[in-house]
Structure formats: C-alpha cells, structure tokens
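Enquirer: So the chains spell out like this:
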Amino acid sequence: MKEKVSKRLNRILLLVPYLSSPDGAPTGALCKKFGITREELMEDMHILFICGVPEYTPYDLIGFDVENDRIRVYQADYFSRPLRMTREEAMVLLVSGRALIRAGIFEENSSLATALDKVESTLTALERKETKDMAERIQVELELYSGKWSKVIEKGINNGRNLVIDYYSYSSGEMSEREIEPVSLVFSRGHWYLLAWCHKAGDMRYFRMDRIGSVKISRNRSTKRQELESQFPQTVGEYRAGRKSHRVKLIFERNAGRRMVEECPTAIWAEKDSSTIEVELQTRNLFWLSNYIIKFGNEIGIESPPELKELVRERSKQILEIYRV
Amino acid sequence: MDRIRRLINLTAYLLDSNKPVELEELRDTVYKEHVKSEKSFKRMFERDKEELRENGIEVELVKDVWGDEAGYTISKEKYNLPEIEFEPAETVSLMMVSRLFLGSGTPFSVPAHTALLKLGFDRKIDFENIPHFRWVDPPRLSTILEPILDGLQRKKLLRFSYRALDSSEPLEREVEPYGLFSHRGFWYLVGRCHLRGEVRSFKLDRIISDVEVNRLSPKKPDFEIPSDFDIEREAKWEWPLPVGEEDIVARVYFSPQISSFHSSGPIVPVSSKLLKRGGIEAVYEVADPEHFVEWVLEFGPEAKILSPPELVNMLTERVRSFLKSIG
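Chains as they are written, first to last, in this note's numbering: chain A, 1 to 325; chain B, 1001 to 1327.
Derived by calculation from the structure, the hints in this document are not laboratory data. Note that the coordinates shown come from a computational prediction; the quantities given were computed from them, not determined experimentally. Treat the hints with care, since some could be wrong.
Distance windows between CB atoms, simulated [unchecked claim]:
hint, chain 1, residue 1, chain 2, residue 2, range
1, B, His1291, A, Ile268, 19 to 29 Å
2, B, Pro1088, A, His246, 48 to 58 Å
3, B, Leu1306, A, Glu307, 25 to 35 Å
4, A, Lys4, B, Ser1161, 22 to 32 Å
5, B, Leu1306, A, Asp133, 23 to 33 Å
6, A, Glu179, B, Ser1161, 45 to 55 Å
7, B, Glu1285, A, His246, 17 to 27 Å
8, B, Ser1075, A, Asp60, 44 to 54 Å
9, A, Asp60, B, Glu1174, 21 to 31 Å
Here a beta-carbon is modelled for each residue, glycine too, at the ideal position from N, C-alpha and C.
Construct all of the structure, not just a fragment, from the sequences and the given hints.
Expert: As structure tokens, then:
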C-alpha cells in the first residue's frame, strides 16, 4: 500500500512540470512518454484537482484545462521543475551503469562515469552514502556484449535502416537470410537478443545475437520502428506460445526437471512422485526442443507428442553416425 | 487518495511559502479536515514527513535568529532538479543506462523510467533514436524482488519457503539479506541463513512462496552486515571443477553452416583454423566437461568433438542413454 502512494506521488510531481508550459502538452504523447493510459492520467488530474495552498480559494488551487487533446496546468509555479533525483533512481542508474561497463558496452572511463558523478553530486551527503551502500551490494551481470556484429547492428538502429541477416534458426536447423527492422537489443535470462520485425515471418521476432551468422545494412529504411516500440513482447524466444504451437509433455528425473523449468520460463510443472517431475510446455516448433533435450540423457522421458519422439530419435542417430569410425 | 492529496498540499504549501510555516498553521490548514486531536495530528505529520523523505523531499525545521523553533520549510534549492550541464555524449550514455531496466519486469523498472523523464526534462532529445539495451525478466520475479530490495535497503529479516536443489522438501528460511546478484541471467540473494547458520546464496527461481519482510520495529535494522562482505566475491562462484582439476584441451569441428558460432559459446577458443571446405576446427581449454559437451550437443550433427576420446565418450554416452531412456 505504502509503495503505491510514493510511486504515485513521484509520478504526479513529475507530471506537473511537463504540463506547466504555456501550451501544455499533447495528451497522447504524454501518456506514451510516461507509460500510462489516458484513464490513469485523468485519475492523476483528478487528484490534483482540489490541491493547492491556503486559503484554498479558486485562486489558490492548482488549475488545469483540457483543450484540443492537450492538457495545461496553471497556478502551480512551485511545481514548475521536477523533483531532483531520488535515492532509488540514482541507485538504479549506478547499478545499471556498472553492469553496462562490465559487459563492455561502455569503457571504464567513458562519458558515462563523469555523467554518473554529476548525477550523484545532486544528492545530499546522507543520500549519497545510502545510495552507494545499496548499489555496492547489488551486482548485475550482463553477458559480455562484444559480438563482431554489434557495431553494424547499432548503426542500423541509429540510422533507421533495415538489416539483412544470416540467421541459424532452431526451427529449421539451418542458416537462412532475412530482412529485418531492428527495434531493440534485449538481455534476457543470460543471452543478448536483437528484437526486430522480421519481413520473412511477418511478425516480431527475437534473434539470439550469438546465432547471427552475418549482418549487412539494407538499402531500405525502417518504417515501423516507432510503432513497434510500443508492442514490446515480454516473453523471449521459442517459448512464446502461438496458434500453431505444440503441447509437449516430458517426464524428468527430479533435478533435471527443475533445470528445464528454470531455463524455460513458460513451462508448467508438477511432481509426479517422489523422484520424478512432469513438465508441460507449448512451443511453436519442435526442432529447437529436439536439440535442447538430448543433453538430459537418461534423466528424461517423452510422453507426448509422438512427432517429438520421432524427431529426437532421428537427431540422436545422426549424431551417433558422425562419431562412427 | 486523501493521503496523496494531503502530501501534495503539504509539499505545495512549504515550497511556496516565503517564510517557515508554524506547526499550528499547518494544523489549521493542510491538516484541518484530517485530524481530530492534537496527538493524532502530530503522529500524522511525523508519518507524512517520513513518507516525503523517502521520496527525496526534505521537510526541515528552521530556527529563528534567537534560536527558537520558527517553523517548517522545504527548500526550493533542495527540491528542484538542478540544471546539470551534461556533455552531449554524457546525455546519450545516461539515457542508455536509464533504459536498461525500462519495462523489465523488475522493481528497477519504475525508477529507471522516472530517472529518464527527469534527465530529459531540460533537453529536447529524441529518445527513440538512442540505441537501447534492455533487460527482460519473467513477471513473477518482480513480486519477489520487490520485498527483497526493501529488506536489503532497510536491513530487515526476510522469510520465505525455499526448495534447495539437493533437498526433496521445501524448507522455511529466515535470512539476513546482505546482497543481490545476477549470474548467467538468474538472480541470487546472498545472506546469512538462520537455518544453516552461515552465509548462503539463494536462487530466486527456487523461492516458492511470497517473500515476507519482518514487520517488527520497522525503523530499526535487524542486523549489521559484516564489514568484509563483498558482493563481487560472492557472485564469482564457479561451477565446481570435476576430478582431475586440470583443463582439458578439446578440438571441435563445426560444419560450414554453423562455423561462425565456434566463438559464441561458453568459452573462447584458444585457436581456430578455417578448413578448405568452409568448416572450422577450433581448440578449447575446457574446465567443465559436462557443460561443454552439452553446448556442443545443441548443434546436433553440425558440430563434432574430434578429441580427446574422454569427451567423445561422454557425448556419445549421453546420446545413447537418451535414446534408451525415451524408448
């Protein structure tokens, strides 16, 4: 409950300065910027509606008007600048900054270090101590981001150009060329992904950075980026269920099953008996799964579907084949 | 809603007034409709001051020239975001940093967002055209991480039910939270476990209950963190070395199809050579054979361990037992 009050207070005190300019601010763009819905914005305005200073006459209360889909706030000069950085905000910047330096995205003595010092200098001595103490006890590890394609990909994103990539697809087990509109670089569960609109699939896709074989800048400009920004899918990779997904049921020896569940966030699991676990998941294709589960050796059994059984049997035989002398 | 309005009114009044505001004055204005007695007013005012302090707003008691308490104020200099002069490169890097956790599903996500909005206030910056790196986590983590961060911050005991990898039953744990780290994409809490009587790491994915923060005496820390505690050291654990303890030198062949991936695995190759037909042969120093064999297996028949025979055996054994197991 307490959390809610303070987050909301922080947001409202930040909204007012953005709305206090003589022309106010366009509602749609503001909602997007703050990541809130129109209803939430109106609720915040409703809270402000009867706030102000004594004597609380109409001339003392914060006023606002909505016109042509713009909101303007007035009689709130005391809130015309945002509240300075809070401890929590500074802490998140420090923790993230350190993680990005360790991952090789920024250099140790880059502009980031001096910028963070400037942010820190706005805190009081006590806050600085508390922030540092907290940030020092949190360590966020990002996988090293230094693939040979990172520069080309960033260039594509910065200049709004499409990319043509060679990608090793788990779904088909082969490399294929595709044109994509790059949106964002995403770190999830230990790997870097390039989030992009794939023209071949006609859908948003995550491409694992370490499975990209080559990258070229395309002649075509990205057209959808702004629109795609807002549809940020929260589940990464092959686990995302879709219309064509298969239902898979696997039986595991206890520890192996837990490992599978940890690595595959959408899997549902249940204890079967004291030593085995049943794992259920949905996946759009079985090929990646067939490559993935062979390593579990004799600690796994396949309940369904029969196609998966057939597929892994064949894969296993192919592997053994290349080791035959 | 009343509470938020009251906090906004209190802030507005103290920020707007040119002179310190006396306690009685506050009681008769901001608190007029909220309190029935003098005692409840003072309690409420104390709580509100604390709440504002948590949000970075300092309500100060000012004394007059004779040393008497004159009243309360919020200094504009301390409240307002200072106009910091950033170099363009500094601005870009700060934007990138504050976007890392945006929409991440962790409790870092909201402060990351408000920090970004504050930094952007004085600058006309096209946010969209700054390259961004983002962190995405499953939503459940957020609900576990939030109380953990709270406990870390206020040094309060945490209670939760934890299923260790080596035990069949989950056990109730009481932990003094010292630190938090992520490793290979997973989050771990480090702290003194009362059940085991020593400092342990807890993988957040194995916490199977809600995390409860000790509610008793909220303003007093429950413990002190040992002065030699070092999160970097705690986070640096490695997979236990297998018998032998010497690195094994392994040679692996990658087919032309996937040859570019020879350098994308868990370890960096010591050397590699391009073969005539387009494949690559790479040499690795392997510390953890199991992990290495599993990585090679993910490429199916497109990658082949050439030597040593121990690793080849380990791999083929794994595939054979798999075949047998699935029937």
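Enquirer: When the hints from earlier in the document are held up against this structure, which numbers fail?
Expert: Structure breaks hints 5, 7, 8, 9.
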